[in-house]
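A.B. asks: Using the hints, build the complex out of the two chains.
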Amino acid sequence: MLLLTSCAPASPAVLVPHENPATAASRFSPGDLFLHVAGSLQQLALQQYGSAREALSQVDAGEAHIPEALRHICVRYVELCDELARTLDGLDRSLSTAERLLETNEIAAARAQLDEARGFLSLAEDQLDSLESATTEAMALVGRYGTGGAARAAVTEARTRLDDAIRRLRELTAEYLRRLDAATMQFERRVSFVSPWLTCDAEVDAVWVGEQVVVSGVLSSQGGPLAARTVQLLVDGIAAYEAVTDAGGAYALQVTAPYRYMPRMTLQARFSPRGADLASVQSAASASVELTVRYYETSIEVGLPRELQPGVSTRLLGRLSSIGAVGERPVEVLLSGEMVGHAVSFDDGAFVCEMRVPAAAPEGDVQLAVRTPSVDEMKTGPVDTSAAVRVSRVAPSLSLGFPGIVLMPSVRLLDQLLGQRGVTDDGLPVRTALDSPLPLTAPALVARIGDEAVRVTGRAGETWVTFPLRRSVWTVGIQTARLDVVPSEPWHRPVTREVRFLVVNLILVLLALVVLCWIVVMMAYVRRGQVEAVVHLRAEAPVPAAAPPPPVVAPGFAAASHRHAIVNLYLAAARRVEGLTGLAFGRTVTLREFLSSCGALIGRAGTFFARLTALAEEALYSRHDIGAADVARSHELADLVEGEMAREAPCARGGKT
Amino acid sequence: MTGRAWVNAVLAAGIGVAMLTWLHPADTDYSAAGRGWNGLQRTTRELNAVTLAAAGEYALLAPPGTLILVPSMLPERSVLGNVNGFVRGGGVLVLLDDYGYGNDVLEALGAPIQFSGRPLVDPLHCDTNETMPKAKVSTVSAADAEALTMNHGSWLVLGAGAETWARSSYFSYGDADNNRKWDGGEPEGPLPVGASWVCGEGQVVVVADASLLINSMVERSDNLEVLSRFVRAPVYIDQAYHAADTSLDRNKQRMERLRVFLSYPAAVAVAVILLAGAALWYGWYARRAE
Numbered sequence: 001m002l003l004l005t006s007c008a009p010a011s012p013a014v015l016v017p018h019e020n021p022a023t024a025a026s027r028f029s030p031g032d033l034f035l036h037v038a039g040s041l042q043q044l045a046l047q048q049y050g051s052a053r054e055a056l057s058q059v060d061a062g063e064a065h066i067p068e069a070l071r072h073i074c075v076r077y078v079e080l081c082d083e084l085a086r087t088l089d090g091l092d093r094s095l096s097t098a099e100r101l102l103e104t105n106e107i108a109a110a111r112a113q114l115d116e117a118r119g120f121l122s123l124a125e126d127q128l129d130s131l132e133s134a135t136t137e138a139m140a141l142v143g144r145y146g147t148g149g150a151a152r153a154a155v156t157e158a159r160t161r162l163d164d165a166i167r168r169l170r171e172l173t174a175e176y177l178r179r180l181d182a183a184t185m186q187f188e189r190r191v192s193f194v195s196p197w198l199t200c201d202a203e204v205d206a207v208w209v210g211e212q213v214v215v216s217g218v219l220s221s222q223g224g225p226l227a228a229r230t231v232q233l234l235v236d237g238i239a240a241y242e243a244v245t246d247a248g249g250a251y252a253l254q255v256t257a258p259y260r261y262m263p264r265m266t267l268q269a270r271f272s273p274r275g276a277d278l279a280s281v282q283s284a285a286s287a288s289v290e291l292t293v294r295y296y297e298t299s300i301e302v303g304l305p306r307e308l309q310p311g312v313s314t315r316l317l318g319r320l321s322s323i324g325a326v327g328e329r330p331v332e333v334l335l336s337g338e339m340v341g342h343a344v345s346f347d348d349g350a351f352v353c354e355m356r357v358p359a360a361a362p363e364g365d366v367q368l369a370v371r372t373p374s375v376d377e378m379k380t381g382p383v384d385t386s387a388a389v390r391v392s393r394v395a396p397s398l399s400l401g402f403p404g405i406v407l408m409p410s411v412r413l414l415d416q417l418l419g420q421r422g423v424t425d426d427g428l429p430v431r432t433a434l435d436s437p438l439p440l441t442a443p444a445l446v447a448r449i450g451d452e453a454v455r456v457t458g459r460a461g462e463t464w465v466t467f468p469l470r471r472s473v474w475t476v477g478i479q480t481a482r483l484d485v486v487p488s489e490p491w492h493r494p495v496t497r498e499v500r501f502l503v504v505n506l507i508l509v510l511l512a513l514v515v516l517c518w519i520v521v522m523m524a525y526v527r528r529g530q531v532e533a534v535v536h537l538r539a540e541a542p543v544p545a546a547a548p549p550p551p552v553v554a555p556g557f558a559a560a561s562h563r564h565a566i567v568n569l570y571l572a573a574a575r576r577v578e579g580l581t582g583l584a585f586g587r588t589v590t591l592r593e594f595l596s597s598c599g600a601l602i603g604r605a606g607t608f609f610a611r612l613t614a615l616a617e618e619a620l621y622s623r624h625d626i627g628a629a630d631v632a633r634s635h636e637l638a639d640l641v642e643g644e645m646a647r648e649a650p651c652a653r654g655g656k657t
Numbered sequence: 001m002t003g004r005a006w007v008n009a010v011l012a013a014g015i016g017v018a019m020l021t022w023l024h025p026a027d028t029d030y031s032a033a034g035r036g037w038n039g040l041q042r043t044t045r046e047l048n049a050v051t052l053a054a055a056g057e058y059a060l061l062a063p064p065g066t067l068i069l070v071p072s073m074l075p076e077r078s079v080l081g082n083v084n085g086f087v088r089g090g091g092v093l094v095l096l097d098d099y100g101y102g103n104d105v106l107e108a109l110g111a112p113i114q115f116s117g118r119p120l121v122d123p124l125h126c127d128t129n130e131t132m133p134k135a136k137v138s139t140v141s142a143a144d145a146e147a148l149t150m151n152h153g154s155w156l157v158l159g160a161g162a163e164t165w166a167r168s169s170y171f172s173y174g175d176a177d178n179n180r181k182w183d184g185g186e187p188e189g190p191l192p193v194g195a196s197w198v199c200g201e202g203q204v205v206v207v208a209d210a211s212l213l214i215n216s217m218v219e220r221s222d223n224l225e226v227l228s229r230f231v232r233a234p235v236y237i238d239q240a241y242h243a244a245d246t247s248l249d250r251n252k253q254r255m256e257r258l259r260v261f262l263s264y265p266a267a268v269a270v271a272v273i274l275l276a277g278a279a280l281w282y283g284w285y286a287r288r289a290e
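In the order they appear, the protein sequences are chains A and B.
This note's numbering puts the first sequence at residues 1 to 657.
This note's numbering puts the second sequence at residues 1 to 290.
Simulated from the structure, these hints should not be mistaken for lab results.
In this text, a Cβ means the ideal position worked out from N, Cα and C, and glycines have one as well.
One or more of the hints may lead you astray.
Stretch by stretch, here's where chain A covers chain B in the computed footprint (C-beta under 8 Å, at least three residues) [as the list claims (entries may be wrong)]:
(1) 58-66
(2) 124-132
(3) 167-174
(4) 215-225
(5) 271-280
Simulated restraints on C-beta separations [as the list claims (entries may be wrong)]:
(6) V198/B <-> P382/A: 31 to 39 Å
(7) R592/A <-> G14/B: 29 to 37 Å
(8) D222/B <-> A112/A: 43 to 51 Å
Looking at chain B on its own, in the form it has when it is part of the complex (with noise of 0.2 Å):
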C-alpha cells in the first residue's frame, strides 16, 4: 500500500469515529443535551435555561436568577461560596440530591435540611413500582393537589426553620436497609421530600431525588409544574457536577463546540475558502510533479 492510500484510509476511519461519536445520542445522566430518558433536555427547554458548563462559569452567577444543581459530583469550595452568594444575594437554589453531595452544598449554605441518603419505598402510591414513590405537594386548595413522582429517591430531615412542602403518603417508608420490606426502626410515612428555605435575600428549594426533572419524568408527572412556582427566570442549569465525566462526553462536548463554530457563516465561509485553496494547490502540486 502506497503512502498516499494509508493517508486515505487513516482519514476515512477517522471520519467515520468522528460520526459514531456525534450520532450516538448523549446518554449521561442530568445532561441538559440529553434527549434520552435520563437527560435534562425538555426542562432544560422548558425553562428556557442556560446550561453553566464550568467551575469557572460559577463566577459570573448573580442574582436574580434560579440554579437548579444536581450534584453528583463534589463542587469545588469556591463553587460553593459563589452559590451561597448567588442565594443570599435573591437567587433560588434548587437543589436535587438523595444520595449524591447535596448534604455538602447544604452544609456550605449552613441550611437545617439535610438529605438522609437512605431509599424511599412506597408500595402502594407509586408510580410502576414501589421504588417509584409519590409524593403530595401542599397546597392552597386539595381541588388542586399535586404529586411529585420519584425515581428512586430518598427523605429530608429537617430542622427549625425549614418548611416542608411535599410528603410522601403514608404507606411509605425509608428502607434503611434496602431490602424492599418494612423492618421495625424503619421511619414509617408520610415523610418529608420535598422543603424549602430562606436563606438571605433568597431561597433554597431542595427535593430528595436527583432524578425528579429527568426526561421520562417530567413526561409522566407534574414534577416540572411543581418545581416551576418557584423558579424565577433567568434560570441556570448545572452542567459542571451533575454526573462524572467521560471521554464520549467531553469528545462529544468539542464535537458540539466545533458545530456551534461551524454554524457561524463566516466560519463556514472561511473553511469553504480553505478547502476550495486546498482543491486547487493539491491540483497544481499534483499537475507539477508530472
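Isolated chain A (complex conformation) (with noise of 0.2 Å):
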C-alpha cells in the first residue's frame, strides 16, 4: 500500500488547451451582430441585393451569444433589415421590369409594374425611417452590454458604420424616385400611340402529338392592315414560332405539335413594335387559343413490395396497358431516384423485372417507381407508378443456452444430466441456435466475457461457442457474457445478446473448508496452552477449607516473588468465595469473570474481592515491577474480603434457607 501511495503528491501539471464551461468566463460581443448588419446594409445601398440577403441570412439573432434583455431588440432589427432588402430588391425589379416593357410599347403591362414600384418605394421609406429609429434606440441599449474595450470599440464602429449605410440608402432611394418619375413620364407620353388588334386561330381544335396544324391571324390597326410587321407565336408561353404579316396584315404558321403528351397546348400570338413603329404604334397580343392534344395513354399494373433488404433480388411482375404500343416497351425501377432495375415489355404488355437493392442502401422509407418511357412513333404515352417502400435489414434471431450456474471444476455427470459441456482450457462451450429467414452464411461472431474476447466464424442453426471463461481459482461470482454476429451479407444487421451467469468455483470451496478447519484447530490449540497455564496456578491455590498449600510458580515468575505472593492471597480469597457463594472458579474462567458472576452475591466484600482481583491479574499479565506495598495491599485486601465475608455469612446461608 505504502509503495502504491508513495510518490502520489508528485503529479506534474497537465497543460490541455480547453476550460470549464460552467466556470469559463462570459464575455458577449454584441456589437459584432450590429457590425456585420452594418456590412449587410452598405452592400445593399450598392445595390447588392444578393449578397447583402445572403449576409443578413447568416445572422440568427435567436441562436447568437449576446445577453437575453437584448435578443428581442436584436432578432427585430435584423428582421427589419432583411424586410428593407427585399423591399428595394423588389423595387429595383419592378422598376427594371416597367422601365425595358416601356421600350417595347408594352403600355398594359409597364403599367402594372410602375404601380408595383410606387408602392415598394413608399415602403422603403417608411422602412428607413423605422430602421433609423431603431439604429437609435438599438445602439443605446447595446452599448451598456459589450464585455471589455474591445466590444466598446465594436459597438461605437458599428454606429458609425450603421449611420453611414443608412444615409447612402436615402440616397439610393432618392435614386429610385428619380428613375420611377422619369419612367412614369415616358409612359404618359407612350399611352397616346395607336393600339394594333391581332388575332389568332387555329385550323382544327385537336391535334395529335408530332402532327402539324395551321396557325393563322391578322394584325391591324385603327381599321387597316399593319403589313410587313414580324408576329411572334407562344406555344404554352414559350415563343416558338415567328412569321411576317403580308399586305393585308394577316399572317400563317405550320406549328407541330410537341411530343409532350400533355392533354392541352396554348397558343397566343404577340406583336411588338420594332424600328419606326415605336414611335407610333404599342404592342398587342391575341386571345389565347387551347388545342387539344391527341395521344395514347399508358397504365401500368405492378406489384410492388412494402419492404425491401439491401443486397436482396427482388421480381417485380407487371402488365402495360394501352391502346397504342405495349410490346418491347422499356421497364425502369428506380429506388430513390438510382436505377435498381430494367426490363422489357413483352408483345402482351406484361414484364418481369429483377431488382436489387444497393448493398449500401441506409435503412429507412424510399420512394420506389416504375417507369416505362413514351413511344413517339406510335404516339404513345409514358407512364410510372410509384410507392413508399420500407428499405431494412433483418436481424437473425440468436438464442444461447447459456447454463444458470457453471461449476468449476466441472462436475460430468451433472453437465450430462443438463445437457451441457463443462469449462475447458478453451473456455466454456455454450449452445448457440442462430437462424435467419434469409441465407446466412458464415457470419463473425464476436464472445465476450469481461475483457476477454474470442472472435469465430459461426453458422446458421445449432453450434457450440467456446466463451472464453479461464479455468482459474480466481474465476467465481456473478459473469456477464456476450455475444456479437456480425453478418456478412448486407441484408443483415448485427445482432448482441448479453446473459449473465454464477460461476461457482469449487476448488474454492474446498480450499475455504480447509482454511476453516486449520483455524478451528489453531484456536482449540492456543486456548489448550492458555487453560493450561490457569490449571497449573489454581492447582497449587490454597483451598479455604484446608491448610494453604505451598506455593506454585506460575510460568515466567520468580519463587517467592511478590507477584507469587498475591496471587496466592487472590486464590484463598477466591476460594473462600467459591465456598460461600457456591460459584465454582471454573477451568475456563477467567478472572475477571469469575467476579462479575460472584461480585453483587457477597455485598461489601465484593468491593475489596475485585480490587484485589485487579491486584492479581497485575500480578499475573502485567510487565511493571511488583513491589512490597503492592504486597502488602493485597494482604489488607484479603483480609478485609475474609472479615466482610465472616460478616456475610450467617446472612448469606440465611437467605438461601
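C.D. replies: Here it is, written out as C-alpha cells:
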C-alpha cells in the first residue's frame, strides 16, 4: 500500500487547451452582430441585393451569444433590415421591368409594374425611417452590454457604419424616385400611341402529338392592316415561331404539336413594335387559343413490395396497357431516383423485372418507382407509378443456451444430466442457435466475458460457441457474457445478446473448508495453552477449608516473588468466595468473569475482592514491577474480604434458606 | 518510542495517504473514469465503451467496432499500424484532436484531412465565450439541424475525398495569431470542423476538438448525439494516449486494479482468511512471549 501511494503527491501539471464551460468567463460582443448588419446594409446601398440578403440570412440573432435582454431587439432589428432588403430588391426589379416594357411599348404590363414600384418605394421610405429610429434606440441599449474594451469599440464602430449605411440607403431611394418619375413620364407619353389588334386562330380544335396544325391571324390598326410586321407565336408561353404579315396584315404558321403528352396546348400571338413603329404603335397580344392534344395513354399495373432488404433480388411482375404500343417497351425501376432494375415488356404488355437494392442502401422509407417512357412513333404516352417502401435489414434470431450456474471444475455427471458442456482449457462451450429467414453464411461471432474476447466464424443452425471463461481459481461469482453476431451479408444487421451467469468455484469452496478447519484447530491449540496455564496456577492455590498449599510458581515468575504472594492471596480469597457463594471457579473462567459472576452476591466484600482481582491480574499479566507495597495492599484486601465475608456468611446462609 | 509504535505510526500514515489517493477524484483530462468536467465517464457509459489502457491492447483490436482516440501523446508506430488495420478492415475511427498528435495518426492512415492546429474563434455563435464556437451539422432536413459545441477547438484542412459534415458559422474565423481579433489573411468562416473519409472497408471520422465528448460538453450540447450516428458497436475508448501519465493516475489505476481484484468473492474470502490467521498468530505469539 505504501509503495502504491508513495509518489502520489508528485503529480506534474498537464496543460490541455480547454476550460470548464460552467466556470468559464462569459463574454458578449453584441457590437459584432451590428457591425455585420452594417456591412450588409452597405452592400444593400450598393444595390448588391443578393449578397446583402445572403449576409443577413447568416445572422441568426435567436441563437447568437448575446444577453437575453438584447435578444428581442436584435432579432427585430435584423428582421427589419431583411424586410428593407426585400423591399429594395422588389423595387429594383419592378422598376427595371417597367423600363424594359416601356422600351417595347408594352403599355398595359408597364402600368402594372410602375404601380408595384410605387408601392415598394413608399414602403422602403417608411422602413428606412423605422430603421433610423431603431438604430438610435438599439445602439444606446447595446452600449451597456459589451464586455471589455474591444466589445465597446465594436459598438462605436457599428454605430458609425450603420449611420453611414442609412445615409447611403436614403440616397439610393432618392435615386429610385428619380427613375420612377422618369418612367412615369415615359409611360404617359406612350399611352397615346396607336393600339393595334391581333387575332390568332387554329384550323382544328384537336391535334395528335407530332402532327402539324396551321395557325393564322391578322394584325390591324385603326381598321387598316399592318403589313410587313413580325408576329411571334407563343406555345405554352414560350416564343416558338415567328411570321411576317402580308399586305393584308395576315400571317399563317405551320405548328407541330410537341411530344409532350399533355392533354392541352395553349397558343398566343404577340406583336412587339420595332424600328419606326416604336414612336407610334403600342405592342399587342391575341386572345389565347387552346388545342386538345391527342395521344394513346398508357397505364401500368405492378405489384410493389412494402419492404425490401439491401442486396436481395426482388422480382416485380406487371403489365402495361394501352391502345398504342405495349410490346417491347423499356421498363425502369428506380429507388430514390437511382435505377435498380430494368426490363422490356412482352408483346402483350406483361413484364418481369429483377431489381436489387444496393448493398449500402440506408435503412428507412424510400420511394420506389416503375416507369416506362413514351413511344413517339406510336404516339403512346409514358407512364409511371410509385410507392413508399421500407428498406430494412433483418436481424438474425439468436438464442444462447447459457447455464444459469457454471461449476468449476465441471462435474461431468451433472453436465450430462443438464445437457451442457463443462469448462475446458479453451473456455466454456455454449449451445448457440442462429437463424434467419434470409441466407446466412459464415457470420463473425465475437464472444466476450469481461474484458476477454474470442472471434470465431459461425454458421446458421445450432452450434457450440466457446466463450473465453478462464479455468482459474479466481474465476468465481456473477459473470457477464456477450455474443456479437456480425453477418457478412448486406441484408443482415448485427445482433448482440448479453447473459449473466453464476460461476461456483468448487476449488475455492474446498480451500475455504480446509482453512476453516485449520483455524478451528489453531484456536483449539491456543486455548489449550491458555487453560493449561490457569490450571497450573489453580492447582497450587490454597483451599479455604484446608491449610494453604505450598506456593506454586506460574511460568515466568520467580519463586517467592511478590507476584507469587499476590496470586496466592487472590486464590485463597477466591476459594473463600467459592465456599460462600457456591459458584465454582471453573477452568475456562477468567478472573474478571469470576468477579462479575460472584461480585453481586458477597455484598461489601465484593468491592475489596474486585480490587484484589485487579492486583492479581496485574501480578499475572503486567510487566510493571510489583513491589512490597502491592503485596501489603493485597494482604490488607484479602483480610478485608475475609472479614466482610465472615460477617456476611450467616446472612448469606440465612438468605439461601 | 518503541519499535512497535513506529510500525503502527508508519502503517497509519500509509493507510491515510492511500485513502487520500483513493478519494481524490480522477481529474486527468479525457479519463474514462473521470467524473469531473474534463472526464469521459459519461460518454463511456452512454456508448457502453471498453477502455484500451495500454499499447499492448491495440493488438487485439479487430473490426467491427468504433475506436475513439484523443491523441494527446504520439502513439507508437506499431499502434498506428494496428489502428490502420482496424479501420481498413471495417472499423470506425473517431479521431478528436486540436493541438495534439492527430495529424500523425491521419498521416499514418493516408487520410486527406489535416488539423490546422490553430484556434477557432466565433464571437457570435458560441457558448459562454468566443473560444467555444458552435458548428452546424449537415442533416437531411433543416428541422433536424443540430450543432456541435466546441471547446478551444481548431478547424480542418481537407483534401479530395474527404466529406465535410460540420461547419463553423459565418462569423467564425481562424485566429492564427491567437489575439482574439480577426486580422487580414486569417481564414474566415464557415470553416470545416467535422469531416469523414472512407478508408478501405471502414471510416475515419475527424472532429477538430479534443474536448468534444468531455462530461461538461456532453451535458450542454448535442455533441454525443451527433457523433453517435457514426458509432458502431462495440466501442473502444483509448486511455493509453489520452493524456500525459501522472503518478497520481498510475497509483489510482493500481488501486483500482486492487479494488477490482478484491471485489471477487474468492479474493475477499482469501483476504479474510489471511487476516484471521494473522490475528490468531499474533495473539498466540504475544502470549507465548509473555
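A.B. asks: Are there hints from earlier that the structure breaks, and if so, what are their numbers?
C.D. replies: none
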